[in-house]
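As you go down the protein sequences, you meet chains A and B in turn. Under the numbering used here, the residue at position 17 of the first sequence is numbered 17, and the numbers go up by one with no gaps. Under the numbering used here, the residue at position 274 of the second sequence is numbered 1274, and the numbers go up by one with no gaps.
Watch out, some of these pointers could steer you wrong.
Partial selection, computed: residues in chain B whose CB lies under 8 Å from chain A [to be verified]:
1. Thr1177
2. Asp1180
3. Arg1205
4. Arg1206
5. Arg1271
6. Asp1296
7. Arg1298
8. Ile1301
9. Ile1315
10. Glu1316
Derived lysine-lysine pairs resembling DSS-like cross-links, with alpha carbons at most 25 Å apart [what the hints assert, rightly or not]:
11. B:Lys1302 x A:Lys147
12. B:Lys1253 x B:Lys1062
13. A:Lys147 x A:Lys130
14. A:Lys162 x A:Lys121
15. B:Lys1253 x A:Lys162
16. A:Lys121 x A:Lys147
17. B:Lys1302 x A:Lys121
18. B:Lys1302 x A:Lys162
19. B:Lys1132 x B:Lys1020
20. A:Lys130 x B:Lys1302
21. B:Lys1062 x B:Lys1020
22. A:Lys162 x A:Lys130
23. B:Lys1302 x B:Lys1253
Because the hints were derived from the structure by calculation, they are not lab data. Glycine is no exception: its CB is placed at the ideal position from the N, C-alpha and C atoms.
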Amino acid sequence: MSHAGSRHENDGFSVERHERSGVKHLHLSGIIDEFADLSFLLHLEGEVMVHLGEVRRINSFGVRLWIDGVRAIPPEANVVYVDVAVSLVEQMNMIHDFFGRGRVESFWAPMACSSCGRTEKVLFRVADCKGSDPVGLESQCGACDAKMELDDIEEQYLAFLKDF
Amino acid sequence: MLGRRVLYYDSDDAALLLAKRVIVGTGGEATVLSDAAALDHVDLAGYDIVVLTLDEAAGPYKRAFLERSVALAPRTKVVLHACELDLECIEWMSQWPTLSHVMAKREVPLDTEELTVTIAKLLRRDHFGLDKYLPWGVDTYEVEVRDSRDKAQYVREVSNLASRLGCSDRLVELVETVVDELSTNAIFNAPRNADGVPRYAHLSRREAVALQDSECAGLTFAFDGRYFAVAQRDPFGALTRETVVTYLERCLKRTPDQLPGAGGAGMGLFRVYRVLSKLIFNIRPGELTEVIGLIDLRQSIKSLLTQPKSLHFFIEEAEL
Ligand SMILES: [Zn+2]
């Protein structure tokens, strides 16, 4: 019997803010769980871009907090979500109003190489996925140049596209 | 050995030969059927276990056969051997409270290891332990789940092993989700007082809760060259088969946001369930719950998502 590992610090959750050309940018990172402070959502106004690529994961209680937070965003805020992390794409597909009135501009997708088996995340723009069904997400393998395909079930992973 | 008679149906003779060997190998007496039409009139009395392979030939006969089989509970345990899980099997489980076992037909003609464990557990009524799903020699790691303030540490200890095994970031994140949801459940939902009333379920999950010695849960995890295995045990036995089946059924019907307390543990369970190969619940009501999840690391996430899954509830009945 082994005793695994030693004590580690909590990954935490943080929000970094900056403003560029009149647009407020919020960079979220870490874990959205019961301890994540999402109160900033209540005070959004004007043009806002929320960057979600560094959100490592979200748990059940984080989902609950997130939905409550998104529903409380003031209607005068115009929110665009970018770089939506894989774990959040999964939630967006399960929960219809996960991003409320906001718009999703880009998202990460898990890709797998059909030749060497390598897996990597690739960023896609929602606008580029419109107009074809199935979408057939593709990318090029960073290791062997072969074609990479979505490492998920497309009709489930891209179900959210119907809402945007 | 409390019972030994096993009836096994499969239209594939190669599967039947293997199944017969497994049943005899576990100390049982095997009766095998390859003619689906015989499912209509075979005498089920006296069998301890009935295994029905849901192959094409069984199609017209399966429902009537299942109705007759599940009526023989608690003596007769019914095991479905399914090429694809999912909604139909879960709906049957929801409809028939004595139907508690679905074994996935991932391997052709069958997964002899899972059949061995399932038959042996049922015949011997010896249900608990992750070791039953791992070969000898595998190192198991153990963490005591005691304090809500240490949850991040519990999560990290398990995901460290997943990282060392070279799992993708996505799989590590899913393993972290499993442990996060299981340990939150063990700390806040499982503990009961002497009257069976939840002790901490009413508290905010932000509150610090330190379990008493008698309330602590145990988290065990291991890797055997194929499966990443996680088990959690709590000393309450409060989880019910109905709760789990209801959550899975609603999630498979894609209505998770209508779950009671939307975004609660049910959704976490479903995310995890999507990538698991096997999910096992061992329950001694009022005393002990053990949840075991196995993820086949040889597969891509896509094949984990599309493959059939095994789902078992081994429930110790007071009257037996
Ligand atoms: Zn490649």
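| request: Identify whether the interface hint at Arg1298 (chain B) stands, where standing means a beta carbon of chain A within less than 8 Å of its own. | output: violated (11 Å)
| said: Is the interface hint satisfied for Ile1315 (chain B)? The criterion is a beta-carbon contact with chain A at less than 8 Å. | reply: Not OK, violated: Ile1315 (chain B) not within 8 Å of chain A, min 25 Å.
| said: Holds or violated: the hint that Ile1301 (chain B) contacts chain A, with Cβ atoms closer than 8 Å. | reply: holds (5 Å)
| With 8 Å as the cut and Cβ atoms as the points, is Thr1177 (chain B) at the interface with chain A? | Where the cut-off is 8 Å and the nearest Cβ of chain A is about 6 Å from Thr1177 (chain B), the hint holds.
| Going straight from one Cα to the other, do Lys1302 (chain B) and Lys1253 (chain B) come out at no more than 25 Å? | Holds, because 20 Å separates the two Cα atoms, which is no more than 25 Å.
| task | Using 8 Å as the Cβ threshold, decide whether Glu1316 (chain B) counts as touching chain A. | result | violated (26 Å)
| Once the shortest beta carbon distance from Asp1296 (chain B) to chain A is found, is it less than 8 Å? | violated (15 Å)
| task | Given the hint that Lys1302 (chain B) pairs with Lys162 (chain A), test it: the Cα-Cα distance must not exceed 25 Å. | result | At roughly 22 Å apart (the allowed maximum being 25 Å), Lys162 (chain A) and Lys1302 (chain B) satisfy the hint.
| Are the Cα positions of Lys1253 (chain B) and Lys162 (chain A) separated by 25 Å at most? | holds (18 Å)
| query | Quick one, is the Arg1206 (chain B) hint okay against chain A at 8 Å, beta carbons? | reply | holds (5 Å)
| Given hint Lys1020 (chain B) paired with Lys1132 (chain B) - CA-CA distance at most 25 Å | holds (20 Å)
| field | Hinted pair Lys1062 (chain B) and Lys1020 (chain B), Cα distance within 25 Å | value | holds (21 Å)
Violation of the numbered hints given earlier is confined to hints 6, 7, 9 and 10; the remaining hints are satisfied by the structure.
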